Amino acid sequence: MAFTDSCDLFASVHEDGLNRIADHIMRQRPSWFHFATPDVAANRELWCQVPAFTSDVERFGNPVFTLLPYLPVIGVDAPPVGLGFCVQMARAQVDLHPSSLFGLPDELGSKLRDQRLAIALRVCGGIRCPDPETLDRIPVTPPRDPRRERRPEPPRQVPVPGRMTCFCLDVFAVARVARETINGVERVVAKIDGVEIVDVEPKGLEAAMECYIRTAITLYLRQKLAIPLRTFFVDFPLFGMGTVSLAPTPNPPVPHNPAVEEDQLKVFVTMTMTP
Amino acid sequence: MSKLDIDPNLFAQSGLDSGALTILGAVVHRPGEPGEYRGTIRRGKDIERVFYLSVDPDSPVAAADIDLARLADPPARGDAGCCCPTADETRFSVNPRGYALFRVSGGKGGYSVNLRRADPREDTPVFNSTLLDDGQIFSARILRPGRYRVANTHGRARAALTVARPPAPFSGYRPPEPLRVTVTEGGFEPERIDLHPAQGLIFECRTPSRIVIELERADEGAAGHGGQTAR
Amino acid sequence: MSHLTIAASENAFRQIFTLVRNGFTFAKSDSATFGPFSASYSLALHLEKGTVQLNNDGTVEIKALDVVWDTLLLKVCFDFPGFTIPGFCIIPDPWNGCLVGIPDIHIGGPICIPLNLSGLVSEISEVRARLKARYVVDPGRLPTWTDLEAEFAGKPNMWKIFIDPEFVSVDPIDIPATVGNLFETLVEQAIEDLLPGSLPGFAKDLLMALLTPVVEIVKGVLDVFDSVEDFIQDLLGDKLDLLGIIQTAVADHFASKVPIYEFEDPYPILTDGPLIPVKIPLRNLKADVTSQEMIVTGDIG
Numbered sequence: 001m002a003f004t005d006s007c008d009l010f011a012s013v014h015e016d017g018l019n020r021i022a023d024h025i026m027r028q029r030p031s032w033f034h035f036a037t038p039d040v041a042a043n044r045e046l047w048c049q050v051p052a053f054t055s056d057v058e059r060f061g062n063p064v065f066t067l068l069p070y071l072p073v074i075g076v077d078a079p080p081v082g083l084g085f086c087v088q089m090a091r092a093q094v095d096l097h098p099s100s101l102f103g104l105p106d107e108l109g110s111k112l113r114d115q116r117l118a119i120a121l122r123v124c125g126g127i128r129c130p131d132p133e134t135l136d137r138i139p140v141t142p143p144r145d146p147r148r149e150r151r152p153e154p155p156r157q158v159p160v161p162g163r164m165t166c167f168c169l170d171v172f173a174v175a176r177v178a179r180e181t182i183n184g185v186e187r188v189v190a191k192i193d194g195v196e197i198v199d200v201e202p203k204g205l206e207a208a209m210e211c212y213i214r215t216a217i218t219l220y221l222r223q224k225l226a227i228p229l230r231t232f233f234v235d236f237p238l239f240g241m242g243t244v245s246l247a248p249t250p251n252p253p254v255p256h257n258p259a260v261e262e263d264q265l266k267v268f269v270t271m272t273m274t275p
Numbered sequence: 001m002s003k004l005d006i007d008p009n010l011f012a013q014s015g016l017d018s019g020a021l022t023i024l025g026a027v028v029h030r031p032g033e034p035g036e037y038r039g040t041i042r043r044g045k046d047i048e049r050v051f052y053l054s055v056d057p058d059s060p061v062a063a064a065d066i067d068l069a070r071l072a073d074p075p076a077r078g079d080a081g082c083c084c085p086t087a088d089e090t091r092f093s094v095n096p097r098g099y100a101l102f103r104v105s106g107g108k109g110g111y112s113v114n115l116r117r118a119d120p121r122e123d124t125p126v127f128n129s130t131l132l133d134d135g136q137i138f139s140a141r142i143l144r145p146g147r148y149r150v151a152n153t154h155g156r157a158r159a160a161l162t163v164a165r166p167p168a169p170f171s172g173y174r175p176p177e178p179l180r181v182t183v184t185e186g187g188f189e190p191e192r193i194d195l196h197p198a199q200g201l202i203f204e205c206r207t208p209s210r211i212v213i214e215l216e217r218a219d220e221g222a223a224g225h226g227g228q229t230a231r
Numbered sequence: 001m002s003h004l005t006i007a008a009s010e011n012a013f014r015q016i017f018t019l020v021r022n023g024f025t026f027a028k029s030d031s032a033t034f035g036p037f038s039a040s041y042s043l044a045l046h047l048e049k050g051t052v053q054l055n056n057d058g059t060v061e062i063k064a065l066d067v068v069w070d071t072l073l074l075k076v077c078f079d080f081p082g083f084t085i086p087g088f089c090i091i092p093d094p095w096n097g098c099l100v101g102i103p104d105i106h107i108g109g110p111i112c113i114p115l116n117l118s119g120l121v122s123e124i125s126e127v128r129a130r131l132k133a134r135y136v137v138d139p140g141r142l143p144t145w146t147d148l149e150a151e152f153a154g155k156p157n158m159w160k161i162f163i164d165p166e167f168v169s170v171d172p173i174d175i176p177a178t179v180g181n182l183f184e185t186l187v188e189q190a191i192e193d194l195l196p197g198s199l200p201g202f203a204k205d206l207l208m209a210l211l212t213p214v215v216e217i218v219k220g221v222l223d224v225f226d227s228v229e230d231f232i233q234d235l236l237g238d239k240l241d242l243l244g245i246i247q248t249a250v251a252d253h254f255a256s257k258v259p260i261y262e263f264e265d266p267y268p269i270l271t272d273g274p275l276i277p278v279k280i281p282l283r284n285l286k287a288d289v290t291s292q293e294m295i296v297t298g299d300i301g
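Residue numbers (our numbering), protein chains in the order written: chain E, 1 to 275; chain Y, 1 to 231; chain U, 1 to 301.
Honestly, the hints are just simulated from the structure, not real lab data. Hints may contain errors.
What the hints assert, rightly or not - As a list, the in silico DSSO-like pairs of lysine-lysine whose alpha-carbon atoms are at most 27 Å apart:
| no. | chain 1 | residue 1 | chain 2 | residue 2 |
| --- | --- | --- | --- | --- |
| 1 | U | K49 | Y | K3 |
| 2 | U | K257 | U | K160 |
| 3 | U | K257 | U | K75 |
| 4 | U | K286 | U | K257 |
| 5 | U | K49 | U | K28 |
| 6 | U | K219 | Y | K3 |
None of these values were measured; they are calculated from a predicted model.
The whole structure should be built from the sequences, with the hints applied where relevant.
In structure tokens:
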């Protein structure tokens, strides 16, 4: 059976290739996978994970961390106090149907269903934990008199130092792939069906964290990793050729486009001659 | 594309004179007596060049080809533009039973040849091309169609000559064999000569002769290229 | 299994072939001397049409590819042996020809026949080729550069896939009989033009009458045994080696000048935004065909 029995152009990426691509992306765009407050980003000893990145990242002045604001301490505003923290992606792996690289938690069905892919993430994070003496040294700001100051400036947030306490979570997600036009470009994007965090109690906390992570991954995939369809064809010369127009092959004849099967991500394109 | 470099004298000279040879005329002389001969090439009365003819029984040459134009007016040679023939070029050899052909390969011509014994005690002229006799030959080639008058100026002999027009272009025309005319005291034989263009005409002179051919009327033809009229 | 597979149907391959074919243009001028004559030419051509077939043995067969000669100016020059006013014999030699004779007068000169054959169409009957993936390092790339620096300098490494011909069969340039006739007419004209305008009419008449039919002149001078059009065909194709030149030019074009597929290595997949592009190295690129499609495979490095 030929690759192009039902189409004119066919492209597939094997899951081994996808995982290498994921590794290249993480190494060339570390700031997409490592987030920290300025104090943590600037202090290597506070990192939960040492990011691996290419020499070009620093040569061209790209950041290793995406900087985030300090984590506010609830109810504290005189002055407000923030804690340093970091969230880092330690590992990411993709397994395309059928399951072959890793197993899934029971909550996600243990094995992949047709046309599905699994994502295994190891996410590490930590918060700087100040000791009591440090907290005692933070002066309390006197209350402002609103009659004297028409628009009182809010007091500046005080970051407090402390030891970094790191933890790691193993996160699994199941997704399918779909075509979506984003900013006028037809792209292939993964759609999250479910997320499971391993060994988090109680259930409510787990559910809340899973919700947050599902939201983050969903939006992240749409914003950062929606790959243009033509990228799969690596600048194949028919793209941009005036005498032909290319469009994803419909169903029928191709039931799933893109398709996740045989450990590969496949896309099919049909060519029509432009009169 | 450049044009052909054609000697203008080839077509400009309508008449011929055995005593003033041009490009279309030649004289044949049989030396006979062995010995060293000194020749002079003249144009009118002026001597243009001297040459030597050795009539030698041991010579293998049956016909000495003596180009008067080359001797009298040789082409420029080398950077110095020297025009003079070398000593070798002015010496000819022929067997006593052979012939000397005096002809003109190019140029305006008008040459006559005088040949005498080189020995100072033997200075009697033995050959003068202005006076042919004893079977000496004048040959002519006439290119221009028309009617001509032929005369022996040493007598009263006259003959009429016509030259026909050439056939069509690219017809591969070849002139017929030359026509032979005998010149005697009684006149030309035959007296009426019909030639094709460029056909050879050979006069065998058995009486003192100087043959002169003059154009009477040119045949321009119906579709000619505008040839010149006779003068 | 390869990490990456890209396939194009035979129909899609034909479209790519059309792109490559249309990219072929060729122009050349040259001259050569062949004993009694010389020839010069100026040509410009392009390719049209052609059928493409993919085979299970990995070969690509291109047939009936038209060579359109947009410009084909041929000039044949030879020393016209000319007009000969024949000599004659005055005194025959009874034993051997002529003892004393008046020599021939020869008048000759060079003539050139310009022939405009522009618009002719000939054919490349067959090209048999295989696909070949080639890794090309830009010669201007400095050894200290990273891939990203090379890309920013406009000198990235490239993967290029070519249709690499194993042989190219070029048919002879078919010269129509009308061209032979035209050539003869031009020779006639050139001969007439050789004669100086000052020459009297009778002289022209005589000289032209002395000439054999022009076809015989041409055959004699140019050593032509068959028709003039066959001579021109042989001159162009064999003597001037235009067939070989086309063969080489077409083979070079397909094998090394215009690839059917090319892309940077590493290949940029994420290029938006202020950060450096994410580039993916591709290794072990291979290209092959079956009777149904072209298949390109490679690994992610």
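Starting from K257(U), check that the Cα of K75(U) is at most 27 Å away, please.
Distance of about 31 Å is beyond 27 Å: violated.
Straight-line alpha-carbon gap K257(U) to K160(U), limit 27 Å:
holds (10 Å)
So if I understand the rule, the pair passes when the alpha-carbon distance is 27 Å or less; does K286(U) with K257(U) pass?
holds (19 Å)
If you draw a straight line from the CA of K219(U) to the CA of K3(Y), is it 27 Å or shorter?
Holds - the C-alpha atoms of K3(Y) and K219(U) are around 23 Å apart, at most 27 Å.
Taking 27 Å as the top limit, are the C-alpha atoms of K49(U) and K28(U) close enough?
holds (22 Å)
Within 27 Å, alpha carbon to alpha carbon, are K49(U) and K3(Y)?
Between K49(U) and K3(Y) the Cα gap is close to 46 Å, so the pair fails against 27 Å, i.e. violated.
In summary, the structure is inconsistent with hints 1 and 3 from the numbered list given earlier, while agreeing with the others.
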